[in-house]
Every structure is written in C-alpha cells, then in structure tokens.
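Just so you know, the sequence shown maps onto residues 439 to 568 in my numbering.
Treat the hints as calculated values from the structure; they're not laboratory data. The beta-carbon is built from N, C-alpha and C at its ideal position, and this holds for glycine as well. Among these hints, one or two may not hold up.
As the list claims (entries may be wrong) - Straight-line alpha carbon distances no greater than 25 Å define the calculated BS3-like cross-link-like pairs of lysine-lysine that follow:
(1) 492 <-> 506
(2) 503 <-> 513
(3) 518 <-> 503
(4) 524 <-> 535
(5) 492 <-> 457
(6) 492 <-> 503
(7) 457 <-> 535
To be verified - Derived DEER-like restraints, expressed as beta-carbon distance ranges:
(8) 466 <-> 506: 39 to 47 Å
(9) 443 <-> 517: 17 to 25 Å
(10) 543 <-> 566: 15 to 23 Å
(11) 502 <-> 462: 44 to 52 Å
(12) 460 <-> 505: 51 to 59 Å
(13) 512 <-> 452: 13 to 21 Å
(14) 466 <-> 494: 34 to 42 Å
(15) 458 <-> 510: 18 to 26 Å
(16) 524 <-> 553: 24 to 32 Å
(17) 484 <-> 506: 39 to 47 Å
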Amino acid sequence: GNRVGVIVEVNCETDFVAKTDDFRALVHDILLHIAMANPLCIDKDDLPSEALIKEENLFREQALKEGKPDNIVDKVVAGKLEKYYKQVCLLRQPFIKDEDQIVQDLVNNAIAKLGENIVVHRFVRFELGQ
C-alpha cells in the first residue's frame with residue numbers, strides 16, 4: 439500500500455504549552471488529519487490566486503450553462519467556492535475523527551483550554567507509491 443508522511447509546524451507562545459499533553463495531542467490529531475484528508479493548503483488565503491480564479495470561472499460557467507439568472511449566479515459561485523474551501527483548506531475541513539467539527543474548531547478549543555494563541559503555520563505531506 440501507500441505510505442504517507444506528514445511534517446507540520448504548529449506554533450504556540452511558550453515552551454510550557456508546547457510540552458503539554460494537550461498541545462501534543464492537538465498536533466498529533468492535525469498530523470493524522472492531514473495524512474488522511476490530504477488538504478492542499480492551511481486556509482483559502484494560501485490558495486494560489488490562479489487556481490482560485492480557475493475554480494471560480496468554472497463554477498460561473500456551470501451556473502450560466504444551467505440557465506441561472508445573473509443575480510443568482512454570484513450566489514451559486516460563492517456557495518460552490520465555500521464547498522471547495524471545505525474540501526481543500528485544512529482549517530475548514532471536517533475533522534476526520536469528528537465530522538461535526540472542523541479542524542479550526544480543534545485549534546480554537548486548544549486555544550481556549552491552554553490560554554495561548556496556537557497557529558498551524560505550514561505542513562508538507564509526502565506519499566510513497568505502491
């Protein structure tokens with residue numbers, strides 16, 4: 439089968455928090471999520487603008503082909519873009535262990551519990567074929 443490896447940088451404010459079991463569990467959950475869900479980026483601001491424009495144009499074309507009126511097309515495109523973000527942006531994806539929350543909720547819960555700002559800074563996902 440395929441082997442997947444993930445490196446993630448998650449920042450907090452102090453070594454004290456970085457060494458807690460709660461912080462380590464958060465990072466572990468994020469690693470597992472990235473391995474399974476294969477996001478393209480952290481959030482929508484990290485998406486290349488060319489890719490975003492391409493998706494937006496595709497959604498607009500589809501809506502127009504379906505004969506939607508112009509005032510509705512923009513709403514359809516916005517809705518489809520939101521769905522797209524939930525598919526490709528780590529923080530917006532439904533969490534693999536509990537799809538009722540998104541990955542951003544995990545981070546927010548850890549911030550509330552640990553009392554420090556926590557940021558998922560970057561990640562790399564490797565996949566080795568058969």
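Comparing the hints with the structure gives:
1. In summary, the hint linking residue 492 to residue 506 is supported, as the alpha carbons are separated by about 20 Å, within the 25 Å threshold.
2. Taken as a hint, the residue 503 and residue 513 pair is honoured in the structure, with Cα atoms around 15 Å apart against an allowance of 25 Å.
3. Our distance criterion of 25 Å between C-alpha atoms is met by residue 518 and residue 503, whose separation comes to about 15 Å.
4. A hinted pair counts as satisfied when its Cα atoms are at most 25 Å apart, and residue 524 with residue 535 qualifies at roughly 16 Å.
5. Under the criterion of a C-alpha separation no larger than 25 Å, the hint pairing residue 492 with residue 457 is inconsistent with the structure, at around 42 Å.
6. Annotation: proposed proximity of residue 492 to residue 503 holds, straight-line Cα distance about 16 Å (limit 25 Å).
7. Simply put, residue 457 and residue 535 have alpha-carbon atoms about 23 Å apart, close enough for the 25 Å limit, and the pair holds.
8. Restraint check, residue 466 to residue 506: a C-beta distance of roughly 44 Å satisfies the suggested window 39 to 47 Å.
9. The supplied range of 17 to 25 Å is broken by residue 443 and residue 517, whose beta-carbon atoms lie about 35 Å from each other.
10. In this structure the supplied range 15 to 23 Å is violated for residue 543 paired with residue 566, their Cβ-Cβ distance being about 31 Å.
11. At about 49 Å, the beta-carbon gap between residue 502 and residue 462 stays in the expected band of 44 to 52 Å.
12. A beta carbon spacing of about 52 Å between residue 460 and residue 505 agrees with the range 51 to 59 Å that was offered as a hint.
13. A hinted range of 13 to 21 Å for the beta carbons of residue 512 and residue 452 is inconsistent with their spacing of about 45 Å.
14. For the pair residue 466 and residue 494, the beta carbons lie near 35 Å from each other, so the given range of 34 to 42 Å is met.
15. A hinted range of 18 to 26 Å for the beta carbons of residue 458 and residue 510 is inconsistent with their spacing of about 49 Å.
16. A C-beta distance of roughly 29 Å is found between residue 524 and residue 553, which places it inside the suggested range of 24 to 32 Å.
17. Residue 484 and residue 506 have their C-beta atoms about 30 Å apart, which leaves the hinted 39 to 47 Å range violated.
When the structure is compared with the earlier hints, violations turn up for hints 5, 9, 10, 13, 15, 17 and for no others.
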